[in-house]
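Based on these hints, arrange chain B on the given structure of chain A.
As you go down the protein sequences, you meet chains A and B in turn.
So for the first sequence, my numbering puts the first residue at 1; every next one is plus one.
So for the second sequence, my numbering puts the first residue at 1; every next one is plus one.
It should be emphasised that the hints constitute simulated quantities derived from the structure, not laboratory data.
Please note that a few of the clues may not be correct.
[Stated by the list, open to error] 25 Å max Cα-Cα, derived SDA-like pairs, lysine to any residue:
#1 Lys237/A x Glu256/A
#2 Lys109/A x Leu5/B
#3 Lys111/A x Ile227/B
[Stated by the list, open to error] Selected chain A positions facing chain B (in silico; Cβ < 8 Å):
#4 Glu86
#5 Gly107
#6 Lys111
Just so you know, these numbers come straight off a predicted model, no measurement behind them.
Here a beta-carbon is modelled for each residue, glycine too, at the ideal position from N, C-alpha and C.
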Amino acid sequence: MTLALSIKQLRKSYANGFEALKGVDLEVAEGDFFALLGPNGAGKSTTIGILSTLVTKSSGRVQVFGHDLDTDPLALKRCIGLVPQEFNFNQFETAQNILTTQAGYYGIKLKDARVRAEELLKQLGLWDKRDVASRMLSGGMKRRLMIARALMHRPRLLILDEPTAGVDIELRRSMWEYLTELNEQGTTIILTTHYLEEAEQLCRNIAIIDHGCIVENTSMRALLGQLSKETFLLDLKETQSVVPELEGYPAQLLDECTLQVQVEKHRGLTDLFTQLSAQGIEVLSLRNKSNRLEELFVSLVEKNLSGDQA
Amino acid sequence: MSTELKSNLVALQTIVYREARRFLRIWPQTLLPPAITMVLYFVIFGNLIGSQIGDMHGFTYMQYIVPGLIMMSVITNSYSNVVSSFFSAKFQHSIEELMVSPVSPHTILIGFVMGGILRGLGVAVIVTLLSLFFTDLQVHNLTITMVVIVCTSAVFALGGFLNAVFARNFDDISIIPSFVLTPLTYLGGVFYSIDMLGPFWKTISLANPILHMVNAFRYGILGVSDIDISVAIGLMLLTTLILYVVCVRLLISGRGMRT
Numbered sequence: 001m002t003l004a005l006s007i008k009q010l011r012k013s014y015a016n017g018f019e020a021l022k023g024v025d026l027e028v029a030e031g032d033f034f035a036l037l038g039p040n041g042a043g044k045s046t047t048i049g050i051l052s053t054l055v056t057k058s059s060g061r062v063q064v065f066g067h068d069l070d071t072d073p074l075a076l077k078r079c080i081g082l083v084p085q086e087f088n089f090n091q092f093e094t095a096q097n098i099l100t101t102q103a104g105y106y107g108i109k110l111k112d113a114r115v116r117a118e119e120l121l122k123q124l125g126l127w128d129k130r131d132v133a134s135r136m137l138s139g140g141m142k143r144r145l146m147i148a149r150a151l152m153h154r155p156r157l158l159i160l161d162e163p164t165a166g167v168d169i170e171l172r173r174s175m176w177e178y179l180t181e182l183n184e185q186g187t188t189i190i191l192t193t194h195y196l197e198e199a200e201q202l203c204r205n206i207a208i209i210d211h212g213c214i215v216e217n218t219s220m221r222a223l224l225g226q227l228s229k230e231t232f233l234l235d236l237k238e239t240q241s242v243v244p245e246l247e248g249y250p251a252q253l254l255d256e257c258t259l260q261v262q263v264e265k266h267r268g269l270t271d272l273f274t275q276l277s278a279q280g281i282e283v284l285s286l287r288n289k290s291n292r293l294e295e296l297f298v299s300l301v302e303k304n305l306s307g308d309q310a
Numbered sequence: 001m002s003t004e005l006k007s008n009l010v011a012l013q014t015i016v017y018r019e020a021r022r023f024l025r026i027w028p029q030t031l032l033p034p035a036i037t038m039v040l041y042f043v044i045f046g047n048l049i050g051s052q053i054g055d056m057h058g059f060t061y062m063q064y065i066v067p068g069l070i071m072m073s074v075i076t077n078s079y080s081n082v083v084s085s086f087f088s089a090k091f092q093h094s095i096e097e098l099m100v101s102p103v104s105p106h107t108i109l110i111g112f113v114m115g116g117i118l119r120g121l122g123v124a125v126i127v128t129l130l131s132l133f134f135t136d137l138q139v140h141n142l143t144i145t146m147v148v149i150v151c152t153s154a155v156f157a158l159g160g161f162l163n164a165v166f167a168r169n170f171d172d173i174s175i176i177p178s179f180v181l182t183p184l185t186y187l188g189g190v191f192y193s194i195d196m197l198g199p200f201w202k203t204i205s206l207a208n209p210i211l212h213m214v215n216a217f218r219y220g221i222l223g224v225s226d227i228d229i230s231v232a233i234g235l236m237l238l239t240t241l242i243l244y245v246v247c248v249r250l251l252i253s254g255r256g257m258r259t
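So here's chain A without its partners, still in its complex pose:
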């Protein structure tokens, strides 16, 4: 297996003494679509900052496609395309100039850069806006422009730091499709996001980082397999004033018509509906209270927090 990314014992301490990374070990295989999740301040952006050389590591080893950050940083940089969290392009330049300039930094001649820029601007629906100053673009367009910029030099590893933050649902889904296609064409993708549904939809493998440590690193399927219970919301046909007695299913009324029920995986839903039916309660619809991954994420982070406090 060729590794796109190998991180060993990565540590970062800032001048004020804050230890952002406490010995992170991480491997991402070539061709993977990998999610790096964690709460705010967990160390995701610091890790990405070190990979892209915007943050200087305190110790540890980083390799991208075998190129070492310490001994071969230029080759490492050539392999990476970075889509940062914040807009970081020149607000006064046009979309097309931003792309061709970026290509020039990677040694791509202007003539070739123009062809590549046209291709990407068309793919990402920005061709009509190519001569517009980037500050005039909408938030979603700016996000797409950053993706196009990161792809100008055809990187083997694309790192996206919350690429869909502030993007509407329709656009987010079209970006998912684009990223999936890109991954299918062979680009390894590492994604950080706060939308856990996004990670569940797109990623095959996942690492969860908290307080500068990796608390989970496994496949998405294995992680979701750990889920022992799910919380469902039931919309009831008729109003209820008291919580119905449901054996084996802890329940509470959120309002007169909404019942929240915890269902352990081995129990299933059939018995729940039998009990409700026996009590004459009709259910109009059923939905997950939260995303499955979100429940796991919260439980893992909480477990880590209680471990810290202990």
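Showing chain B alone in chain A's frame:
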């Protein structure tokens, strides 16, 4: 030629092209003001006051001050081009585009400096053309003129880069031009010969690097100077080298750009 070198040459071309595009796009802020200011200097100091002063080293006062005024424009514009461009890139975080790319720190620095030199030379051409409406000019030594103007431009472009690296806000990029460059330029023999000063002030003036640059340039244009040209050119080359080494080290360390 190695792939790395080829790639860096394309990157250098890209940075210089981007810098030129920037100062040409905002020409009312970059090219027009020095043209207007210098025309005012020519009219007021050259024509109105200069006609009352008489000859200086065998030239009319207007002819005498033109090289100094060209130099003044070169110094200000080379400096402000790099300081504002690099600081804006830091401020908008667009400098990260360069930091994450495989461009060598030398290429980045040379690119910004060449941008500063280009603007300095562009303004020099504009000011020189305008001066021809007021007086006749003949170039005494083209090689010295070009060496001095490029070296001066490089020194101040590097100075601007240094300022931008340490600047934390927009106030920080106006302090040096206002409180250091302008006084040194006015006291750098643009409007007078240091032979007019007493021994004490003459000696003090020799410590002003701009005096050497202005006189070396005046020598290139008119063939007269208050100081030794070889010392002036040597000082400029040495200063360029020292500033280059300091700036490139700051870039490698990522000062003000990496955490």
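The hints, checked one at a time:
1. Taken as a hint, the lysine 237/A and glutamate 256/A pair is honoured in the structure, with Cα atoms around 10 Å apart against an allowance of 25 Å.
2. For a cut-off of 25 Å, the pair hint linking lysine 109/A to leucine 5/B stands: about 13 Å separates their Cα positions.
3. As the CA atoms of lysine 111/A and isoleucine 227/B are separated by approximately 49 Å, the hinted pair breaks the 25 Å bound.
4. Interface hint status for glutamate 86/A: upheld, as the beta-carbon distance to the closest one in chain B is roughly 6 Å, under 8 Å.
5. For glycine 107/A, the interface hint holds, since its Cβ comes within 8 Å of a Cβ in chain B; the closest pair sits about 3 Å apart.
6. Hint status for lysine 111/A: violated, given a least beta-carbon distance of 11 Å to chain B, over 8 Å.
The structure shown violates the earlier hints numbered 3 and 6.
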